[in-house]
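Chains as they are written, first to last, in this note's numbering: chain E, 59 to 317; chain H, 10 to 273.
No wet-lab data here; the hints were simulated from the structure. Keep in mind that this is a model prediction, so the values were computed, not measured. The C-beta atom is built at its ideal place from N, Cα and C for all residues, glycine as well. Fair warning: there could be bad hints in the mix.
What the hints assert, rightly or not - Okay, derived cross-link-like pairs now, SDA-like style, lysine to any residue, Cα gap no bigger than 25 Å in a straight line:
#1 H/Lys225 x E/Leu179
#2 E/Lys216 x E/Leu242
#3 E/Lys308 x H/Leu120
As the list claims (entries may be wrong) - Partial list, derived from the structure: chain H residues whose beta carbon lies under 10 Å from chain E:
#4 Leu31
#5 Leu250
#6 Ile255
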Amino acid sequence: MSAQAQKRASFADYAPAATGVGTVLAFFLIMELLVQTGMVNRFIVPPPSEIIGSFGRVIVEEHVFSRFLQTLIECLTAGVMLTVFGVAGGVVMNRYKLLQQACETWVAAMASAPIVLMYPLFLVIFGRSAWTIIMMGFLAALPPVILKTIEGISGTRKVLVNVGRSFNLTPSQQFWKILFPAALPNIFVGIRLGLIFALINIVGVEFLINYGGLGQLINDLAERYDLAGTYAAICFVILVSVLFFMVLEKIERWLRPVD
Amino acid sequence: MAETGRLTKVATPAPAIAPVTLLRVAIILALLAIWEFLSHSGWLYRDVVPSLLAIGRAVVELLTHGEYYFNLGVTAAEVGFALLIGGGGGVIVGIVLGANRFLAKAYEPYLYYLGPTPKIIFFPIMIMYFGVGPESKVALGTLSCFFPVALSVTAGMRSIDSILIRVGKSFRANSWQMVTKIYLPAMRHPIINGVRLGLGVALIGVLLAETKLSNKGIGFLIIQAYSIFDMPRMYAMLIVLFVLSIGANALVGRLGGLHTIRRI
Chain E
59 MSAQAQKRAS
69 FADYAPAATG
79 VGTVLAFFLI
89 MELLVQTGMV
99 NRFIVPPPSE
109 IIGSFGRVIV
119 EEHVFSRFLQ
129 TLIECLTAGV
139 MLTVFGVAGG
149 VVMNRYKLLQ
159 QACETWVAAM
169 ASAPIVLMYP
179 LFLVIFGRSA
189 WTIIMMGFLA
199 ALPPVILKTI
209 EGISGTRKVL
219 VNVGRSFNLT
229 PSQQFWKILF
239 PAALPNIFVG
249 IRLGLIFALI
259 NIVGVEFLIN
269 YGGLGQLIND
279 LAERYDLAGT
289 YAAICFVILV
299 SVLFFMVLEK
309 IERWLRPVD
Chain H
10 MAETGRLTKV
20 ATPAPAIAPV
30 TLLRVAIILA
40 LLAIWEFLSH
50 SGWLYRDVVP
60 SLLAIGRAVV
70 ELLTHGEYYF
80 NLGVTAAEVG
90 FALLIGGGGG
100 VIVGIVLGAN
110 RFLAKAYEPY
120 LYYLGPTPKI
130 IFFPIMIMYF
140 GVGPESKVAL
150 GTLSCFFPVA
160 LSVTAGMRSI
170 DSILIRVGKS
180 FRANSWQMVT
190 KIYLPAMRHP
200 IINGVRLGLG
210 VALIGVLLAE
220 TKLSNKGIGF
230 LIIQAYSIFD
240 MPRMYAMLIV
250 LFVLSIGANA
260 LVGRLGGLHT
270 IRRI
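Sequences are here, hints too, so could you generate the full structure?
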């Protein structure tokens, strides 16, 4: 009885995931049929089998891994800058309450402005180089890191702050021993969000200015009218970004204490 | 206690100008002064940091020309359509996924992980499907704003108070009545939040697509200013665009009554 129930439970566990995967597979199958029967123009939508077939070609001939590395390095550079400037900005703003009151709404407003549209300006300042891409990723992703840092530090539990006070800690000790460790989980949320924003903007700007890693690959293939290759490259970029988010999530969960 | 609290509050005279306002003005003035100094110092390439006067003149020139409003209209219409199609689709998908646990488990992970991927890379495909006109920009905007709206509405559906749903069911409301009388009013907050997020990404999607390939719209004007190296005009356009987008974002939040909800 219990074995049966267990079997049923495991089936119920896997059924939704199987439905999801099944839908995706069915979609590809239907597309393949539609294209093969000529109901969908194959010069607009290449058949999925052709896309899968071109994966190997794109990976080998287009140096996908070195491109991936290039995008990753740009992203990590932006990430380091985000961590340094974003967290420092949040800490300073939290330290001087007046500054926080004056600027926090500005930072929040920045988050809703289309900062990535400044890329032509950065093209003029930095030229068509990796720095334009990195700076764009950095700037577009800065607001969430600052805001989450402020949220983390100001959300420190009163009890912890009082413990610090009762030990007569100096302000710097209070910060390093109490406030900063308490804010770390929130700061990591901010950095994770920042890295996601940075990746989106970096790939986007690479595509737009036709320079650098994975974004340029898509632009290149599209301009050569290599449709199957373009689709394969887009799938590859999506896969890479999804993997990137998953890894970040895992790291964050690993760092976050059980509370 | 409450009485005395109120009395002391009234008794403390408020300073003529709040220190926060003073600091804000000081920061803005300092930034403007640094900018003007840099533009005259000759340390940076000429025209990269044009003088404030030139930027101001460019803003006035921009706002007094009909051409800008035409292009603004084009972009606004593209974003509007994108929000309508993508946002509408997002609300429907969100309600379906939020109401059905099985479907949510099956499809929500795809939404969750596809949501934050860069959408601009789909632009070559959109051009193939919809041509080089405004349709491909609308399509990209639609794709961008579908995900945040769908995710926000799905989460919103789950957070609806179960009492409300039971009330609807005990009145034997049909599905349509449940959606219009219970779900949508109860989810006003997450929907507006989703639309705000969606508006932001739709705007970015449309504008970036315009900078890549188009012959009208604000994105086109910006890239045109870049290609003829008219820096004051580019700054002017970015400033006006930022003000407009921040304003639109705040407006959506205000119309949705986000501030009243927060106060409660």
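Against the structure, the hints come out as follows:
1. H/Lys225 x E/Leu179: 20 Å, holds
2. E/Lys216 x E/Leu242: 16 Å, holds
3. E/Lys308 x H/Leu120: Since the Cα atoms of E/Lys308 and H/Leu120 sit roughly 18 Å apart, the hinted pair holds (cutoff 25 Å).
4. Leu31: At about 9 Å, which falls below the 10 Å cut-off, the nearest Cβ of chain E leaves the hint on H/Leu31 intact, so it holds.
5. Leu250: Interface hint status for H/Leu250: holds (7 Å vs cutoff 10 Å).
6. Ile255: 5 Å, holds
Violated hints are absent here; each numbered hint is respected by the structure.
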